[in-house]
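In the order they appear, the protein sequences are chains F and E. Reading the first sequence from the start, the letters are residues 1 to 137 in my numbering. Reading the second sequence from the start, the letters are residues 1 to 137 in my numbering.
Fair warning: there could be bad hints in the mix.
When chains are identical, the list treats them as one kind, so a pair holds in a single copy or across two.
[To be verified] The list that follows gives simulated cross-link-like pairs (lysine to any residue, SDA-like), each with its CA atoms no further than 25 Å apart:
| id | residue 1 | residue 2 |
| --- | --- | --- |
| 1 | Lys79 | Val98 |
| 2 | Lys81 | Glu10 |
| 3 | Lys107 | Phe89 |
| 4 | Lys81 | Pro135 |
| 5 | Lys81 | Glu61 |
| 6 | Lys48 | Glu84 |
| 7 | Lys7 | Pro67 |
| 8 | Lys81 | Val63 |
| 9 | Lys132 | Glu29 |
| 10 | Lys81 | Gly93 |
| 11 | Lys132 | Phe89 |
| 12 | Lys107 | Thr3 |
| 13 | Lys79 | His91 |
| 14 | Lys132 | His91 |
| 15 | Lys79 | Val57 |
| 16 | Lys7 | Pro80 |
| 17 | Lys7 | Glu96 |
| 18 | Lys132 | Val50 |
| 19 | Lys132 | His102 |
| 20 | Lys79 | Gly25 |
| 21 | Lys79 | Lys107 |
| 22 | Lys81 | Thr24 |
| 23 | Lys79 | Pro66 |
Read the hints as simulated data drawn from the structure, not as lab findings.
Listed below are the residues making up each chain.
There are 2 protein chains.
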Amino acid sequence: MRTSAAKVYEALTTTDGLSRWWVTGTTGETREGGVVKLRPDGDAYDMKVVASRPGDVVEWECVGGPPEWLGTHVTFRLKPKGDETYVLFTHAGWREPVEFMHHCSTKWALFLMSLKSWLERAEGRPHPYDVKIHPGD
Amino acid sequence: MRTSAAKVYEALTTTDGLSRWWVTGTTGETREGGVVKLRPDGDAYDMKVVASRPGDVVEWECVGGPPEWLGTHVTFRLKPKGDETYVLFTHAGWREPVEFMHHCSTKWALFLMSLKSWLERAEGRPHPYDVKIHPGD
């Protein structure tokens, strides 16, 4: 993304930032040890912040949400490159390669594009304004 | 995708189909045992068709291309659901979780959206008309 690691970090570690590219109305505590609360369409995803180091990494563990997500880890590693910052993303620890994993994989890529668009052009597409990938998504 | 498994299969197993959502000007042999040849911007990706069963699965092995891709497998599993077809995609067998893998992961999601858009609205975004994710992409 054509922005600083500090700006990327801010978008990943503030409820306002997260609300601009991932899920609107995100609440909770974004500091290490806190729990970020996402409530898309009445669903509940609680992500515990297990690591948060400016310019380096943000890592969450899912402690509340759909059974397939529980215990999985979401990680954003930041790598500054000139006037860009690469974001190396993983969502790891799925017990089984279920259909929902394939769904989430595509959705994560679209949310990363939303993060990029938010940071570069102030045009995020957080849920419920996100790109839909199938009817009912 | 809101189309039949037969239409998805056609888009994955004809050079014209592949040219409409993945890489323009794709050539080669798309039958099982054949090698599909993709030439984006002078790069060369050769994908051997190791499985191809209508309405079920298409699987390729990379037999020519960047070292990180050699020996990896790309699989599309088709699952009809009412008037839709789910496409369960994997690109597996990477030896290391390199930066290029993160790049490809996001790009694959965008190409799957291109496949969907091509099948549903005749609006694919194959290379070189694909969504770019960073300068120089």
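These are the hints, each one checked on the structure:
1. When the C-alpha separation of Lys79 and Val98 is checked against a cutoff of 25 Å, the pair qualifies only between copies, where the shortest distance is 13 Å, while the shortest distance within a copy is 30 Å.
2. Taking the shortest Cα distances, Lys81 and Glu10 sit within 25 Å of each other inside one copy (18 Å), while across copies they are farther apart (40 Å).
3. Taking identical chains as interchangeable, the C-alpha atoms of Lys107 and Phe89 lie at most 25 Å apart whether they share a chain (13 Å) or sit on different chains (13 Å).
4. In this assembly of identical chains, Lys81 and Pro135 lie within 25 Å of each other by CA distance solely across copies; the values are 11 Å between and 38 Å within a copy.
5. When the C-alpha separation of Lys81 and Glu61 is checked against a cutoff of 25 Å, the pair qualifies neither within a copy, at 27 Å, nor between copies, at 32 Å.
6. Taking the shortest alpha-carbon separations for Lys48 and Glu84, neither the intra-copy value of 28 Å nor the inter-copy value of 36 Å comes in at or below 25 Å.
7. For the homomeric pair Lys7 and Pro67, neither the shortest alpha-carbon distance inside one copy (32 Å) nor that between copies (34 Å) is at most 25 Å.
8. In this assembly of identical chains, the alpha carbons of Lys81 and Val63 never lie at most 25 Å apart, being 33 Å within a copy and 31 Å across copies at closest.
9. Proximity of Lys132 to Glu29 under the C-alpha cut-off of 25 Å is found in neither arrangement, the shortest distances being 28 Å within a copy and 33 Å between copies.
10. In this homomeric assembly, Lys81 and Gly93 never come within 25 Å of each other (Cα to Cα): the closest approach is 29 Å inside a single copy and 27 Å across copies.
11. With identical chains, the CA atoms of Lys132 and Phe89 are at most 25 Å apart both within one copy (20 Å) and between copies (17 Å).
12. For the homomeric pair Lys107 and Thr3, the shortest alpha-carbon distances inside one copy (22 Å) and between copies (20 Å) are both at most 25 Å.
13. Taking the shortest Cα distances, Lys79 and His91 sit within 25 Å of each other both inside one copy (18 Å) and across copies (24 Å).
14. Taking the shortest Cα distances, Lys132 and His91 sit within 25 Å of each other both inside one copy (20 Å) and across copies (22 Å).
15. For the identical chains of this complex, Lys79 and Val57 are intra-copy neighbours only, at 9 Å inside a copy versus 37 Å across copies, given an alpha-carbon limit of 25 Å.
16. When the C-alpha separation of Lys7 and Pro80 is checked against a cutoff of 25 Å, the pair qualifies only within one copy, where the shortest distance is 11 Å, while the shortest distance between copies is 42 Å.
17. In the homo-oligomer, the alpha carbons of Lys7 and Glu96 never lie at most 25 Å apart, since the shortest distance is 34 Å inside one protomer and 29 Å across protomers.
18. For the homomeric pair Lys132 and Val50, neither the shortest alpha-carbon distance inside one copy (29 Å) nor that between copies (32 Å) is at most 25 Å.
19. In this homomeric assembly, Lys132 and His102 come within 25 Å of each other (Cα to Cα) both inside a single copy, at 14 Å, and across copies, at 22 Å.
20. Proximity of Lys79 to Gly25 under the C-alpha cut-off of 25 Å is found in neither arrangement, the shortest distances being 28 Å within a copy and 34 Å between copies.
21. Taking the closest pair of Cα atoms, Lys79 and Lys107 come within 25 Å of each other both inside a single copy (22 Å) and across two copies (19 Å).
22. In this assembly of identical chains, Lys81 and Thr24 lie within 25 Å of each other by CA distance neither inside one copy nor across copies; the values are 29 Å within and 30 Å between.
23. Taking the closest pair of Cα atoms, Lys79 and Pro66 come within 25 Å of each other only across two copies (22 Å); inside a single copy the shortest separation is 31 Å, beyond that limit.
When the structure is compared with the earlier hints, violations turn up for hints 5, 6, 7, 8, 9, 10, 17, 18, 20, 22 and for no others.
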